[in-house]
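S.K.: Mind docking chains B and C on chain A? Use the hints.
Residues per chain are reported as follows:
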Amino acid sequence: MLILHTSDLLAEAYAARLLASLAGVALEIRHLDIHPGRDHETDAFRVLSPLGRLPVLEGAGAPLADWQAVLCAIATRGDTPARADAPGWWRGADPAFIGWLGMARDLAASAGVARLHEGLGVPADGAALRAAAHALLREVERHLWFAERAGQRWLLAGEGPCAADIACYVHIALCEEGGIARMDYPAIRRWVDRIRHLPGYIVTSGTFAPPAPAPVRQPVRA
Amino acid sequence: MSGRGPWVPVAASADLAPGHVYQTMLAGQGLALWRGDDGAVNVWEDRCPHRGVRFSAGDVVGGELRCVYHAWRFAAGSGACTFIPAQPNAKVPRAIHATPWPVAEVAGLVWTALAAQGAPPADLAGEVLRALPVNRPAAAVAQEAAALMAAHPALRLFVQPLAADRAVIRGLAAGVDIMAADLLLEAARRRLEDAALMEAAAC
Amino acid sequence: MAEILTGAASGARDPVLWNDWHVIADLAALRAGADFATTLLDVPLLARLGAAGAQARRADGAPLHTEVAYGFLWACLGAPARPLITIAEYAEAGRTIATGGSVGVHVAAPRVVENFLDLGHLGYVHVGYLGEEPETMVHPYRVGPLEGGGVLATGCKVYQPVASPAAQGGYMVDYQYCVVRPLITCLHKANPVARDAWDVIYLFVQPVSEERSIAHTLMLFAPDGTQPADLRRFQQLIFLQDKPILENQTPRRLPLADGAELPIAADSTSVAYRRYLVAEGLAYGVIPAGARVAA
Chain A
484 MLILHTSDLL AEAYAARLLA SLAGVALEIR HLDIHPGRDH ETDAFRVLSP
534 LGRLPVLEGA GAPLADWQAV LCAIATRGDT PARADAPGWW RGADPAFIGW
584 LGMARDLAAS AGVARLHEGL GVPADGAALR AAAHALLREV ERHLWFAERA
634 GQRWLLAGEG PCAADIACYV HIALCEEGGI ARMDYPAIRR WVDRIRHLPG
684 YIVTSGTFAP PAPAPVRQPV RA
Chain B
65 MSGRGPWVPV AASADLAPGH VYQTMLAGQG LALWRGDDGA VNVWEDRCPH
115 RGVRFSAGDV VGGELRCVYH AWRFAAGSGA CTFIPAQPNA KVPRAIHATP
165 WPVAEVAGLV WTALAAQGAP PADLAGEVLR ALPVNRPAAA VAQEAAALMA
215 AHPALRLFVQ PLAADRAVIR GLAAGVDIMA ADLLLEAARR RLEDAALMEA
265 AAC
Chain C
19 MAEILTGAAS GARDPVLWND WHVIADLAAL RAGADFATTL LDVPLLARLG
69 AAGAQARRAD GAPLHTEVAY GFLWACLGAP ARPLITIAEY AEAGRTIATG
119 GSVGVHVAAP RVVENFLDLG HLGYVHVGYL GEEPETMVHP YRVGPLEGGG
169 VLATGCKVYQ PVASPAAQGG YMVDYQYCVV RPLITCLHKA NPVARDAWDV
219 IYLFVQPVSE ERSIAHTLML FAPDGTQPAD LRRFQQLIFL QDKPILENQT
269 PRRLPLADGA ELPIAADSTS VAYRRYLVAE GLAYGVIPAG ARVAA
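As you go down the protein sequences, you meet chains A, B and C in turn. Using our numbering, you'd call the opening residue of the first sequence number 484 and step up by one each time. Using our numbering, you'd call the opening residue of the second sequence number 65 and step up by one each time. Using our numbering, you'd call the opening residue of the third sequence number 19 and step up by one each time.
These are computed hints drawn from the structure, not numbers from a lab. Treat the hints with caution; some may be incorrect.
So the derived label-pair ranges between C-beta atoms look like this [said to hold, decoys possible]:
| # | chain 1 | residue 1 | chain 2 | residue 2 | range |
| --- | --- | --- | --- | --- | --- |
| 1 | B | Ala214 | A | Arg677 | 53 to 61 Å |
| 2 | B | Ala91 | A | Arg625 | 24 to 32 Å |
| 3 | A | Ala610 | B | Leu178 | 25 to 33 Å |
| 4 | B | Glu191 | A | Asp676 | 22 to 30 Å |
| 5 | B | Arg255 | A | Thr563 | 49 to 57 Å |
| 6 | B | Arg255 | A | Val605 | 32 to 40 Å |
In this text, all values refer to a predicted model and were calculated from it rather than measured experimentally. Glycine is no exception: its CB is placed at the ideal position from the N, C-alpha and C atoms.
Next comes chain A alone, as it looks inside the complex:
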């Protein structure tokens, strides 16, 4: 059984839970109090995660304390033989996939930290982080706009999304909490909507599930 040590406050932890839900991988969740608690700084937790980072995944060999390593473990479990004909959540042999995982890290270091700065008071240079995030988002926008033009709905060519979409999504979907508006990026906003509509999509506080279709109701005359 995979055990995920997590905090609902962190985008990287949401990425793990979201990918697990989309990929049909079961997780046992263990919550840590990281604000204002400091569960992630205890000696016991440092054994699992020497840098005090979250999320941490146990049950897939040695504990994994890097969020993208966690995504890899979850994604590869989700790419079962039954799904062998699909492009798969993990596309590690595709250089573009690696590049987009890198973009996700860059987004975490800019938009992700800006969000923690604005919301939880983590010390940071908010203006510099926002500028860095906007430069990255301009490139994501350019890529997605041309991808849409070629009939592509996700970051990589192929039938469905992959772990790189999820890794980028969590930071982009929550970036407005860091003062980074998405108004300039209409292709990104449409991609965000497509991810929300995926079967198995789950929210974190800060994102909203698509509403159920309108219920049948009596017309209301004003």
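M.R.: Frame of chain A, contents of chains B and C only:
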């Protein structure tokens, strides 16, 4: 470009995906755009009249716009509020409605106007370019756009003022590779934004 | 005592807030060796754990009143016009008490208070927890003034699938709301295990600037087996669902003019709250009744 008649392009037709609410701004006013079931585009002030939450944070459900805060529903076209879940059996007051703006869909672009007069240009042709937001005032962007059009007659460019210090370059390219045109616009944006940095550094 | 008001801070132009007590930090966020930086009414403050306990000072060295109470550090920039509020439940034996963790929000403080009082959003923004379709109707409730100033709403009833961590299934939850200071509000809700006992949540909104605030919450729950960490996690989950709503409100300041925004019957508490702010003479974080609303 933005000076000829009050109509300004604020979106591409292709931006209005089914079920999606598109977000933009014109001269400091937030706008939410979405396509109704009949295919017609709605351009609304981006603000629910209830508690001021942006419509662009909401969803299109059953051909209506649903505000994300209290799930009030607003009809396409008129913008009338049609449903308030907190009081589902009461008549919806007629005073509760979205604020629609003028709309025209021409040449693959969606146009609106602060005060509608006439119609958008009728002589437009070509493929719609990727819109580029620029962190410079509309006047500076318009100057650069004019220079681009003079150098590249295949480009027809318009400037959408977002706010006092930001504007979007939009337009069409007739018979020119879209990626090549995109690179031209990106270079123009860099020139505009680098110029601002140099001005700021010189102060 | 004469207080020095620096002309630079726009907060100084609102004597109600300037001369009131505000939470500026959760004690759990303070350290002995390092300053915790925050801002109150545009004035930078520094807080830390000193030899005599939690303390704060103005970054510019001007005088500052401070108090420690209810797990928080409080500050008053002017001369306190009224004492710190009293929370009777804090001294009650057996209650499970936890702070909720302070969260910054890019919106004016009164908007945060008004959202806390709102019933119509519970089944949408907090779907699956504090409400859900089809139980969306807000049943009529009573609103009146609080003795000593403020607002009291009673007789509220909301169907909640998961009202709190201890809930085993949905039930119709009795609620009461009060606003005891312009930026301090609390709710009492029926505990899922002992329905005649009240779970209490206080919200203290720190006005950082006219359009930014920090929400501090305090939970004082009836004993039902829930651990403080689980109360805190539930509260954070709920409040972080409200954050993007608050940050998508325009204008960021709360408009006080009648007709600027359109309430319905379900919004009676919020209407009373806006009128209370007008009566108090609040000028900070609001668009006063005479001004034109800029969207």
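S.K.: For each hint, tell me whether it holds in the structure or not.
M.R.: Hint by hint, here is what the structure shows:
For Ala214 of chain B paired with Arg677 of chain A, a C-beta distance near 39 Å fails the hint of 53 to 61 Å. Remark: the range hint 24 to 32 Å for Ala91 of chain B to Arg625 of chain A is upheld by a beta-carbon distance near 26 Å. Between Ala610 of chain A and Leu178 of chain B, the C-beta spacing of about 32 Å keeps the proposed range 25 to 33 Å intact. Range check, Glu191 of chain B to Asp676 of chain A: about 24 Å between beta-carbon atoms, so the 22 to 30 Å window is met.
In this structure the hint that Arg255 of chain B and Thr563 of chain A lie 49 to 57 Å apart at CB holds, the actual value being about 51 Å. A hinted range of 32 to 40 Å holds for the C-beta pair Arg255 of chain B and Val605 of chain A, which are about 36 Å apart.
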